[in-house]
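Number of protein chains: 4
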Amino acid sequence: MTLMISTSVLDAENASRRDALTRDYESLGDRLARRGIDIDAVKAKVAAYGVAVPSWGVGTGGTRFARFPGPGEPRNIFDKLEDCAVIQQLTRATPAVSLHIPWDKVSDLGALKEKGSALGLSFDAMNSNTFSDAPGQAHSYKFGSLSHTDSATRRQAIEHNLECVEIGKALGSKALTVWVGDGSNFPGQSNFTRAFERYLDSMKAVYAALPDDWRIFTEHKMFEPAFYSTVVQDWGTNYLIAQELGPKAFCLVDLGHHAPNVNIEMIVARLIQFKKLGGFHFNDSKYGDDDLDTGSIDPYRLFLVFNELVDAETRAANGFDPAHMLDQSHNVTDPIESLMTSAMEVGRAYAQALIVDRKALAGYQEENDALMASETLKTAFRTDVEPILATARLENDGAIAPVAAYRASGYRARVAAERPAVAGGGGGIV
Amino acid sequence: MTLMISTSVLDAENASRRDALTRDYESLGDRLARRGIDIDAVKAKVAAYGVAVPSWGVGTGGTRFARFPGPGEPRNIFDKLEDCAVIQQLTRATPAVSLHIPWDKVSDLGALKEKGSALGLSFDAMNSNTFSDAPGQAHSYKFGSLSHTDSATRRQAIEHNLECVEIGKALGSKALTVWVGDGSNFPGQSNFTRAFERYLDSMKAVYAALPDDWRIFTEHKMFEPAFYSTVVQDWGTNYLIAQELGPKAFCLVDLGHHAPNVNIEMIVARLIQFKKLGGFHFNDSKYGDDDLDTGSIDPYRLFLVFNELVDAETRAANGFDPAHMLDQSHNVTDPIESLMTSAMEVGRAYAQALIVDRKALAGYQEENDALMASETLKTAFRTDVEPILATARLENDGAIAPVAAYRASGYRARVAAERPAVAGGGGGIV
Amino acid sequence: MTLMISTSVLDAENASRRDALTRDYESLGDRLARRGIDIDAVKAKVAAYGVAVPSWGVGTGGTRFARFPGPGEPRNIFDKLEDCAVIQQLTRATPAVSLHIPWDKVSDLGALKEKGSALGLSFDAMNSNTFSDAPGQAHSYKFGSLSHTDSATRRQAIEHNLECVEIGKALGSKALTVWVGDGSNFPGQSNFTRAFERYLDSMKAVYAALPDDWRIFTEHKMFEPAFYSTVVQDWGTNYLIAQELGPKAFCLVDLGHHAPNVNIEMIVARLIQFKKLGGFHFNDSKYGDDDLDTGSIDPYRLFLVFNELVDAETRAANGFDPAHMLDQSHNVTDPIESLMTSAMEVGRAYAQALIVDRKALAGYQEENDALMASETLKTAFRTDVEPILATARLENDGAIAPVAAYRASGYRARVAAERPAVAGGGGGIV
Amino acid sequence: MTLMISTSVLDAENASRRDALTRDYESLGDRLARRGIDIDAVKAKVAAYGVAVPSWGVGTGGTRFARFPGPGEPRNIFDKLEDCAVIQQLTRATPAVSLHIPWDKVSDLGALKEKGSALGLSFDAMNSNTFSDAPGQAHSYKFGSLSHTDSATRRQAIEHNLECVEIGKALGSKALTVWVGDGSNFPGQSNFTRAFERYLDSMKAVYAALPDDWRIFTEHKMFEPAFYSTVVQDWGTNYLIAQELGPKAFCLVDLGHHAPNVNIEMIVARLIQFKKLGGFHFNDSKYGDDDLDTGSIDPYRLFLVFNELVDAETRAANGFDPAHMLDQSHNVTDPIESLMTSAMEVGRAYAQALIVDRKALAGYQEENDALMASETLKTAFRTDVEPILATARLENDGAIAPVAAYRASGYRARVAAERPAVAGGGGGIV
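Chains as they are written, first to last, in the working numbering: chain A, 93 to 522; chain B, 93 to 522; chain C, 93 to 522; chain D, 93 to 522.
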């Protein structure tokens with residue numbers, strides 16, 4: 093297997109931190125044992141956990157106002173896979189990559205699959221794109237795609253999704269994620285009902301072509317790029333879609349796609365209860381679909397989402413098998429650093445949720461002891477589980493401190509020298 | 093039939109406005125005719141339209157900080173019915189009253205029904221109350237009602253709903269509206285899934301006892317009185333309830349119960365499309381469940397909701413038969429004046445939606461002519477339909493200018509003399 | 093003066109609508125007279141009113157996901173001025189254009205000024221751009237501009253603003269509008285206090301170079317492009333800036349730059365009261381800085397803003413002289429049509445505010461007659477003032493129905509033939 | 093000094109936890125030492141820190157829908173002081189109580205002061221109440237108080253504030269907190285400018301009577317009890333007030349009084365920078381002014397607020413001396429437990445902010461290393477500082493685990509037996 097970061101750098105980095113980590117792990121183990129928790133069992137679960145990385149995440153993102161690229165931007169999916177391999181090597185938490193078509197389209201799928209294998213990466217859910225026009229495309233998506241009033245445009249969008257499935261089959265993917273920007277900017281522009289009927293008809297055509305062992309994930313979003321109405325605007329509509337399509341259809345929850353103040357963990361619980369939670373696009377946000385680094389704004393909210401997931405896992409909820417993926421826009425950081433940190437944040441929330449005293453919690457809930465129920469969650473959240481995460485990484489040949497190891501490796505400077513600088517772009521779209 | 097306002101006052105008031113109204117109606121008819129619209133047909137529809145008044149709406153509302161009562165507060169449901177009769181006499185748009193149990197509980201239901209008949213009022217949906225404790229109640233709803241962890245408390249809440257149905261049957265009502273405040277104030281306080289399972293079980297027990305010709309309306313609300321999670325928090329959960337319960341179960345939409353920025357008219361469209369729109373609690377809001385007078389904050393939003401309703405009515409959407417009710421808190425106005433004005437605002441939105449050029453709109457939607465689609469709605473909304481509403485009222489023996497007629501009648505001073513002043517209350521709940 | 097639309101087309105269009113307009117104007121005059129309002133006086137004020145058009149508004153806008161250009165996109169500021177001239181010719185409500193530097197930078201300012209004169213357009217406030225990197229720029233604005241931690245970058249941003257002033261002086265502009273995207277995406281990324289100190293220092297350098305008869309407008313915005321904190325995030329900070337800078341500094345209010353639910357008309361009132369209202373960027377929004385067409389989402393809110401403006405105008409508030417400009421992103425419409433319609437919407441809100449019965453309103457406010465105060469505003473808002481606007485346009489040689497006249501003229505097809513199609517862009521910025 | 097909880101109970105509770113605490117404190121000290129932090133120095137600061145408790149907080153709160161009292165509700169301010177003394181005895185973090193007039197009005201101020209002394213409690217800021225009508229009050233606050241259109245009503249509100257100052261002087265308080273509910277429920281109901289002028293005039297009269305060594309805190313709030321506009325709606329208006337009044341006037345920040353998504357820590361920074369931060373009402377919220385327990389919903393936000401406070405403290409910001417108070421509504425918990433837990437949460441955020449590596453942070457900020465700046469804060473936040481807080485309590489004769497000690501003491505059952513049960517109330521205010 094090709095390793096992007098030299099093991100000598102990594103070993104030296106780990107060596108400098110190993111003793112302190114051992115002490116911290118022991119001390120934490122002692123404290124957890126007092127609470128009846130076996131630290132090694134938690135570590136084993138954390139070590140087995142992974143979150144997929146989006147191929148587009150390793151490039152610098154931007155806004156409609158501007159994009160400010162960083163050095164060494166990946167030029168194509170092969171470069172992107174190498175960056176993803178760095179993330180996986182150091183964190184040991186991101187074994188799969190999620191592709192975006194047509195951005196990651198290649199002529200030789202076999203070469204792509206081989207590259208992934210060589211880097212130890214598999215291919216997660218495929219993502220279609222009918223929210224922008226590819227060069228030379230016959231019909232524009234300016235006024236919609238799967239819900240467009242014109243049947244030829246809808247057909248084109250359906251075909252594109254089918255092509256994504258075909259590519260995914262070649263790469264070993266088992267799921268298709270469909271997010272559309274379809275909607276309207278003016279009251280009256282679109283007939284809500286007819287648009288949704290058209291969307292459902294199109295999705296049924298896609299669904300019909302889905303292999304038996306695949307799942308299809310639909311993703312809701314409140315607004316942007318449409319600013320008055322969006323066809324798949326919330327989890328209610330998303331649930332209706334999954335219900336209309338059938339047993340292979342599930343709802344994808346992106347943490348930044350909801351109205352202000354919405355209780356997202358409750359939506360997660362409802363979708364689990366009705367067997368339609370497909371998975372997540374993890375990120376964080378303060379205002380809208382900010383696509384900030386996971387856990388950087390409201391880490392307790394992330395924990396509360398994982399509290400629902402571990403609750404479902406613990407009681408072996410029927411049909412519970414969500415896919416986990418990061419989906420962020422890295423506008424001001426090195427994308428590799430952001431994705432490593434975010435993957436660790438997801439793992440941290442998982443670890444914290446694992447050490448919730450669920451028996452005590454259930455008792456407090458039954459007795460309506462609101463304060464102690466809250467404290468039970470807070471106690472788990474307050475626990476600094478970093479020694480667990482770091483030990484899991486170390487034992488899996490990753491880094492105790494991935495960002496430090498990455499910086500020590502000089503990887504960014506190396507690829508900056510190899511990959512030519514790209515223009516900024518975005519500045520004329522206001 | 094007993095008339096609360098003397099016809100001589102009403103006639104005098106109308107006489108002073110009749111000529112101007114005739115001219116305005118003619119001039120508007122001329123303008124509408126140019127757009128291919130028959131003003132008399134619109135007037136006929138408006139004249140036939142009614143919205144129910146909530147019995148509690150004729151008392152002065154308040155907040156957790158204070159309640160500032162006005163003069164002549166109704167002392168009981170009989171007083172309330174008289175106030176409601178004033179509203180109906182002058183607006184001719186509020187033929188039914190919606191009761192709230194136990195607030196409107198009486199020992200003699202026959203007398204109550206008779207009083208309604210004498211005043212020309214029928215009884216709309218019954219409203220149960222399991223969000224506050226009635227004196228002497230065996231089990232408290234402090235920690236929930238239909239979803240409470242304790243089965244005896246749930247049973248009590250179920251029985252209360254069944255009692256509401258019994259009362260409603262005696263009065264000629266055909267629907268039960270269920271809104272619960274159940275939820276939690278702390279993460280962890282409640283297990284979302286188990287609480288919803290308990291809620292559904294309780295509601296199934298209520299549903300099972302529903303007469304064949306009744307409907308049951310469940311009402312979602314984002315927050316308040318619970319401030320972290322609410323069991324029936326949004327239309328997605330509300331839809332699941334209606335689906336789980338069966339064909340007599342429908343979703344009620346209160347305009348003030350959504351997250352900030354949410355597109356409510358789209359939710360209305362979805363519920364119509366999936367045959368689960370039960371009806372409305374009309375009001376307006378700027379921040380939360382402000383319960384302000386309908387149309388006082390965002391009249392265009394109200395129009396857009398009615399645009400969906402008329403769209404469904406026009407295409408005779410399957411299963412479309414929503415109930416219309418006002419639900420407001422009148423903290424700084426004479427409740428009778430607010431309810432009259434709000435009933436007229438609802439009628440206004442309906443009239444404006446009726447004169448939308450739907451054929452042109454459909455064409456613009458098909459061609460993605462967003463600007464002209466928007467202008468088609470705006471043109472209807474901009475039309476001052478007051479002459480239509482006023483003429484419909486006049487021809488139905490109501491008032492051209494209900495507030496002016498009401499003030500001229502001296503009704504408030506009269507009841508202030510008859511009904512003793514009540515204390516303010518509310519001041520200690522912070 | 094060069095006319096972009098042939099007068100024969102315009103005359104024919106107007107001829108077909110003139111009789112109906114005359115009747116409608118008379119009928120409206122009759123109704124207004126009954127309320128003690130002289131329709132001709134209102135018309136005169138409306139006719140004298142103008143709103144500036146942003147040069148960038150005549151191009152198609154987009155989002156970070158995609159931009160879908162329309163036919164005949166303007167290639168440069170000369171093309172843009174021609175499009176602006178169409179808007180002014182037909183609406184007679186947009187006599188000035190606001191430029192954006194460097195987007196509208198030219199080598200020959202004299203030619204630009206002459207072109208404006210020939211088209212009957214003057215130059216409104218200059219807009220600087222330090223939120224994106226121009227090709228070849230020495231220092232990047234990736235991490236801020238006027239508040240950047242690096243003094244050379246701040247100096248560059250200051251110089252750019254000074255250059256904008258110089259260009260504006262040559263063109264007859266009298267104001268500089270400064271909006272920066274400076275902020276942060278992570279808690280901790282920026283020290284709020286130091287960043288604001290640096291911003292103020294930079295702005296003081298710009299202010300020092302401002303000609304005596306110029307004003308400087310600073311614009312606040314809650315978020316985007318920065319997603320955790322923004323240096324000039326709200327009107328409170330904006331007020332502090334204007335206060336720190338001095339008497340030529342004022343606050344600019346963009347209707348889409350506030351937190352959800354915020355009462356914008358109240359902010360307008362506060363800024364007027366404290367003599368710091370500089371002007372407006374008009375648009376509409378439902379979720380964030382959606383930059384939708386003015387009045388398309390919440391026309392009553394627009395009216396309430398104008399209600400404050402007319403209130404201040406009526407009482408001749410000290411220091412009250414706001415600048416009016418549209419600032420919208422036209423993603424799915426012909427930008428010329430959107431700007432014409434929006435200019436008319438602004439005029440409509442002004443006309444509606446002019447016919448508010450201010451004496452009655454003051455009385456109701458004094459007596460706390462909330463309902464009648466509200467009805468006083470609603471009565472004005474409900475009045476269809478289109479005949480006033482259309483007559484004002486007609487008498488100023490504009491179009492009774494600008495969009496219809498524009499479509500009849502074939503202008504878009506003509507420029508589409510002359511101006512080569514442009515690429516979409518935007519698709520890689522997610 | 094009177095101790096409400098017997099020392100034998102407390103000692104037994106502490107004894108059972110002391111060994112584990114010693115180990116945890118040592119282990120944490122070891123980890124902090126590695127980061128260059130002296131745990132004892134942090135502990136000393138935490139031990140010296142206190143937050144005031146609101147007298148009304150020890151009673152059960154409610155909503156406009158209902159209030160569900162708990163057992164042993166305090167009957168008067170003497171009972172309330174005893175409950176507050178429990179909180180202080182166990183947490184050693186709440187040495188002062190903030191009174192609310194007229195709720196806490198007594199005939200014998202000397203007795204009240206003595207009772208406080210006996211319990212080891214001092215008196216923090218006085219709170220006036222002009223948002224509800226006291227029995228027998230001459231003028232109603234239904235339509236406002238300090239901003240009312242009627243001068244006699246304003247005068248009454250001024251006098252009430254002056255009385256609060258007089259009471260406070262007798263008790264040793266040094267500050268007056270003014271929060272008014274003044275505002276409007278309808279567009280047009282209130283003239284924003286005139287209402288604010290009247291408010292300022294009234295406040296100037298209050299300010300004029302303020303003793304030299306007192307401060308006056310004004311508190312802004314977006315909405316509730318007024319639902320369209322609020323006179324002191326945000327920090328911008330609050331700043332204007334403090335500026336207009338003079339050097340003894342400061343702004344109070346309640347964490348739940350802002351628009352959705354607003355960056356509160358930034359407002360705190362601005363007020364510090366402009367020397368007008370008066371202090372805090374701590375609580376937490378998810379939707380509006382939910383008045384939930386501090387740190388229960390978004391603990392990271394609380395930490396970010398304290399990060400600003402410690403930043404200001406570290407650089408000895410000019411004029412920086414904020415008052416700290418809890419302000420919560422305990423609807424579903426034992427108020428004593430909630431207040432103890434919340435006081436500890438405030439201390440926790442303070443301790444976490446104290447261990448931020450500020451030198452490293454400043455370096456990352458200077459270099460725009462957004463990721464490491466964020467990680468620097470997250471590292472401090474992730475540290476479980478409970479051993480520091482618990483040791484500080486223990487060394488101050490408080491409880492290692494205050495809630496457990498309180499439950500063991502049987503205090504609630506004791507007062508429930510002494511204090512008669514109270515009615516629920518609130519149920520009629522909808």
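Treat the hints with care, since some could be wrong.
[Unchecked claim] Residues on chain B that point at chain C, a partial pick, calculated with CB under 10 Å:
1. K137
2. V138
3. Y141
4. G142
5. P352
[Claimed, not checked] Covered stretches of chain C (in silico footprint by chain B; criterion: 3 or more residues with CB under 8 Å from a CB of chain B, positions within the stretch not fixed):
6. 112-122
7. 177-188
8. 329-342
9. 388-402
10. 424-430
11. 475-485
[To be verified] Label pairs and their in silico Cβ distance ranges:
12. D:D130 with A:R499: 56 to 62 Å
13. D:A244 with B:D200: 43 to 49 Å
14. D:H231 with B:D200: 53 to 59 Å
Just so you know, these hints were derived from the structure itself, not from any lab. Even glycine gets a Cβ: it sits at the ideal position worked out from N, Cα and C.
Results for each hint:
For B:K137, the interface hint is violated, the least distance from its beta-carbon to any beta-carbon of chain C being 20 Å, above 10 Å. Because the closest C-beta pair between B:V138 and chain C is about 16 Å apart, greater than 10 Å, the hint is violated. Interface restraint check: B:Y141 against chain C, minimum CB-CB distance 19 Å, threshold 10 Å, status violated. The criterion of a C-beta within 10 Å of any C-beta in chain C is not met by B:G142, whose closest approach is roughly 22 Å, and the hint is violated.
Given the 10 Å rule on beta carbons, the hint for B:P352 holds: about 4 Å separates it from the nearest Cβ of chain C. Taking a C-beta to C-beta cut-off of 8 Å, the region 112-122 of chain C contributes 5 residues in contact with chain B, enough for the three needed, and the coverage statement holds. Residues of the region 177-188 of chain C lying with their CB closer than 8 Å to a CB of chain B number 0, which falls below the three-residue condition for coverage. As drawn, the region 329-342 of chain C meets chain B at 0 residues by the rule of a beta-carbon pair under 8 Å; below three, the given contact is violated.
Residues of the region 388-402 of chain C with a Cβ under 8 Å from some Cβ of chain B number 6, which satisfies the need for three, so the listed coverage holds. For the region 424-430 of chain C, the stated coverage by chain B holds: 5 residues have a C-beta nearer than 8 Å to a C-beta of that chain, and at least 3 were required. A stretch counts as covered by a chain when three or more of its residues have a beta carbon under 8 Å from one of that chain; for the region 475-485 of chain C and chain B the count is 3, and the coverage holds. In this structure the hint that D:D130 and A:R499 lie 56 to 62 Å apart at CB is violated, the actual value being about 29 Å.
For the pair D:A244 and B:D200, the beta carbons lie near 47 Å from each other, so the given range of 43 to 49 Å is met. Remark: the range hint 53 to 59 Å for D:H231 to B:D200 is contradicted by a beta-carbon distance near 42 Å.
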